[in-house]
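**Student:** In case you want the letters, here they are:
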Amino acid sequence: MQPSVSIKDLKLDFGNVPVLRNLNLDIGKGEFLVLLGSSGCGKSTLLNCIAGLLEPTDGSIYINGQNVTWAEPSQRGIGMVFQSYALYPQMTVEGNLSFGLANARVPKDEIKRRISHAAEILQIEPLLKRKPSALSGGQRQRVAIGRALVRDVDVFLFDEPLSNLDAKLRADLRVEIKRLHQSLQNTMIYVTHDQVEAMTLADRIAIMKGGVVMQLSSPDEIYNRPVNKYVADFIGSPSMNFIKGSLRHDGEARVKLGQLDFSLNDYSFTRSDFEGEVWFGIRPEHVLFADAASNAPVSFEVKAELVEPMGGLTLIWSSLEGTPFRLLVDGQAKVRVGDTIIAGFDPARASIFDMQEELRI
Amino acid sequence: MSEAVVVERHGVFAEARGGRPRPVLSRRNIMIYGTLAVLAIYYLLPIYVMVVTSLKGMPEVRLGNIFAPPLEITFEPWVKAWSSVCTGLNCEGLSRGFLNSIKITVPSVIFSIAVASVNGYALAMWRFKGANIFFTILIIGAFIPYQVMIYPMVILLREIGLYGDLAGLVLVHTIFGMPILTLLFRNYFSSVPEELFKAARVDGAGFWRIYFKIMVPMALPIFVVAVILQSTAIWNDFLFGVIFTRPESYPMTVQLNNIVNSVTGVKEYNVNMAATLLSGVVPLAIYFFSGKLFVRGIAAGAVKG
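Going line by line, the protein sequences match chains A and B. Using our numbering, you'd call the opening residue of the first sequence number 1 and step up by one each time. Using our numbering, you'd call the opening residue of the second sequence number 1001 and step up by one each time.
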């Protein structure tokens, strides 16, 4: 199948600073791709290149099989939603929605039809005559989505659309965007630094760092089998525990973390022949506690140094072999600072990385 | 009456509740309002003298009590200044200069703002190659004293056949207004969120459509500021008016100078003052009616929004 958006050897420098380096990416029709990364990783730059708002230094961009590298933003068949909503302040909601269509000389009755259709989907019909300044943040973002919607485009681009909203609205609109994608089945490319948004919305996530895509996989794969230590650390909150250890093969693969020495029989290896110093990573939510820990393949005692109750769950800070070690336990567990607790884990759920390149083993 | 319970320590009062009482006649208030009053009087006194003198007849002026209010109010000097005072050979008063000034100011203001706003918009939004160099040149232009450019300007206007013509003066005002106005507009448009511009481009709007449909409606406050700055500056201009026009099309300022500085006959202070006030009426009225908008526009240019 022909990809909806295809990026070939894309390169972009700001002066002498490379922002995107030789990026290749294929996004399928109807796919929801999230570009995830911390600020300055080039994710927004990439989106602006796809939109045609930034000129790449080298490489080309294809949308629906057509080379649009030199095309104007409006000729690319894209709609874009911005973080700051970017509604035209002097126009009514209706004016905002119709501006792009009027520029494209769409007939009046067609404009009307599309606006009422979009307004119905986004439930903004009562707002059509208002100015953006009379709308709440959530309503503004809905109008901004509507502006992309009326243009009847194949590809939606979202540039951190929910970052300016408060936590509750963000969760609501996130669900709405997901619902919108389910009903429209358009290709959507969504930039965010919020991993919850990425995990919940994406068909695939592209984790970027320093202008390079580090991993491009499904949320499930990224969470369970991160390709390197950066991705493992970036995804998941609270983030993964990393303990220094060593990996050896004598009959079976075994890991030694200080006093602990255990078998890796159930671990699915990417590189089964590796031996030597490793980072042993285990997510706080995969650390078992109390009774469950006693029955786990690996168990040990640690001291609770700090307790962060979060309601449903409680995060306990302790240390294992000299490094901080966090465990996420049920909120009802009664743990006080200073208590000695039994913790454990199943090595099959761990992620192990070599020390040199920090790549998955 | 029981003794007031006052704990004399770091402003802690046992009975404190609500806003802290502030005496009207505190030392602080006297200082602030006293200073303001003195400064206000300092600035208003000359205007008071002008108004008062312009309402006196010549015999009363000769008495020399410039601060005394007129014993007998007369509008004769105002009428004379407007319609019959002589400048050089013609005796039509300031009315002709007034018309000339209007003919100079209106087109100059419109053209200079039209050009400068587009300039500022292009510099702030379109970031074309060399935009910064253009901007630097323009800003340097704002710092070069006008006197330096007068002679080449005269030659230039002569060569294109506009010397002595009102159109020539309009052109001069448009050019000389450009640096500062472009700076004003560029700074304002720089504060417009870039995403708005991007959104408009995604919506398929081009250079002029973005300018007229999005930027101009947003920039109304700064347009008001520009109109006020330009119209007062051009109305009050003397140098260009005297250099680039002929006597029959002298602006009001030049005419005023000729009236006040004429050495023949009796010095009619009352008429001079009336003439001066008359030529100041337009800028004064502009400030008066647009003061609020002006302040809002200045503030809008200063902060992001």
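Just so you know, these hints were derived from the structure itself, not from any lab. All C-beta atoms in this analysis are idealised placements derived from N, C-alpha and C, irrespective of residue type, glycine included. Keep in mind that the hints are not guaranteed to be accurate.
[Claimed, not checked] Short derived list, chain A residues pointing at chain B, Cβ under 10 Å:
1) Gly52
2) Leu53
3) Gly79
4) Ser84
5) Ala86
6) Met91
7) Ala102
8) Asn103
9) Arg147
10) Arg151
11) Asp154
12) Leu157
13) Pro238
14) Glu277
[Unchecked claim] Cross-link-like lysine-lysine pairs, in silico, BS3-like; alpha carbons within 27 Å at most:
15) Lys29/A <-> Lys1198/B
16) Lys1129/B <-> Lys129/A
17) Lys131/A <-> Lys1129/B
18) Lys1129/B <-> Lys108/A
19) Lys8/A <-> Lys29/A
20) Lys256/A <-> Lys244/A
21) Lys178/A <-> Lys244/A
**Student:** Are the hints correct? Go through all of them and say.
**Tutor:** Taking the hints in turn, this is what the structure says about them:
no.	hint	in the structure
1	Gly52	holds (8 Å)
2	Leu53	holds (5 Å)
3	Gly79	holds (7 Å)
4	Ser84	holds (5 Å)
5	Ala86	holds (4 Å)
6	Met91	holds (8 Å)
7	Ala102	holds (9 Å)
8	Asn103	holds (4 Å)
9	Arg147	holds (7 Å)
10	Arg151	holds (8 Å)
11	Asp154	violated (14 Å)
12	Leu157	holds (8 Å)
13	Pro238	violated (33 Å)
14	Glu277	violated (47 Å)
15	Lys29/A <-> Lys1198/B	holds (25 Å)
16	Lys1129/B <-> Lys129/A	violated (40 Å)
17	Lys131/A <-> Lys1129/B	violated (36 Å)
18	Lys1129/B <-> Lys108/A	violated (38 Å)
19	Lys8/A <-> Lys29/A	holds (17 Å)
20	Lys256/A <-> Lys244/A	holds (9 Å)
21	Lys178/A <-> Lys244/A	violated (40 Å)
Hint check: violations occur at hints 11, 13, 14, 16, 17, 18, 21; the rest are consistent with the structure.
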